[in-house]
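Colleague: One letter stands for each residue in the lines below.
Protein chains: 2
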Amino acid sequence: MPSPDPVLSKFGIHVRNLRETQDLTQEQLAERAKLDITYISGIERGLRNPSLLSLLRLAKALGVSLKQLTEGVEL
Amino acid sequence: MPSPDPVLSKFGIHVRNLRETQDLTQEQLAERAKLDITYISGIERGLRNPSLLSLLRLAKALGVSLKQLTEGVEL
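Sequence lines, in order, name chains A and B. Residues in the first sequence are numbered consecutively from 1, following the UniProt record's numbering. Residues in the second sequence are numbered consecutively from 1, following the UniProt record's numbering.
Take the hints with a grain of salt, since some may be wrong.
Copies of the same chain look alike in the list, so a pair counts if it works inside one copy or between any two.
Straight line, CA to CA, 27 Å or less: simulated DSSO-like cross-link-like pairs of lysine-lysine [to be verified]:
no., residue 1, residue 2
1, K10, K67
2, K34, K10
3, K34, K60
4, K67, K34
5, K60, K10
Please keep in mind that the hints were generated in silico from the structure rather than gathered at the bench. Source: prediction; values computed, not measured.
Go ahead and model the full structure; you've got the sequences and the hints to work with.
Modeller: So, in structure tokens, the structure goes:
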């Protein structure tokens, strides 16, 4: 298993925090965002590099802007 | 050839505007962002759905924030 990318790990932790702040389970977030729950789990563990459209769906499902979703995420 | 996604098309036009505002060729942007020139061309034509890491590299290469790079892009 490759070690997760530090940028993606940071992003994953941020997504988890946003989700938990809203008392959503991964399953509920997956349903809202119309993404697979294993994909949500992979994102939160820093193992996925989501596309722009997936980012937009995640932001919408969490009720935040793309800016808020990617807060603090930089190279 | 599938018709481009409207969100990705809008994003592509925005990237092209940012690039041209800085008098960069696609080749120069590709080199800075360490992405393939055909990928840059595909993004600008709305045919690519770039990942988070590619978005970060594009933003850095254009000297803008992720927020500026994705300005006006929403579902």
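Colleague: Decide, hint by hint, whether the structure agrees.
Modeller: Taking the hints in turn, this is what the structure says about them:
Taking identical chains as interchangeable, the C-alpha atoms of K10 and K67 lie at most 27 Å apart whether they share a chain (15 Å) or sit on different chains (17 Å). Taking the closest pair of Cα atoms, K34 and K10 come within 27 Å of each other both inside a single copy (23 Å) and across two copies (22 Å). For the homomeric pair K34 and K60, the shortest alpha-carbon distance inside one copy (11 Å) is at most 27 Å, but the shortest distance between copies (30 Å) is not. For the homomeric pair K67 and K34, the shortest alpha-carbon distances inside one copy (20 Å) and between copies (24 Å) are both at most 27 Å.
Taking CA atoms no more than 27 Å apart as the test, K60 paired with K10 passes in both settings, with 20 Å inside one copy and 18 Å between copies.
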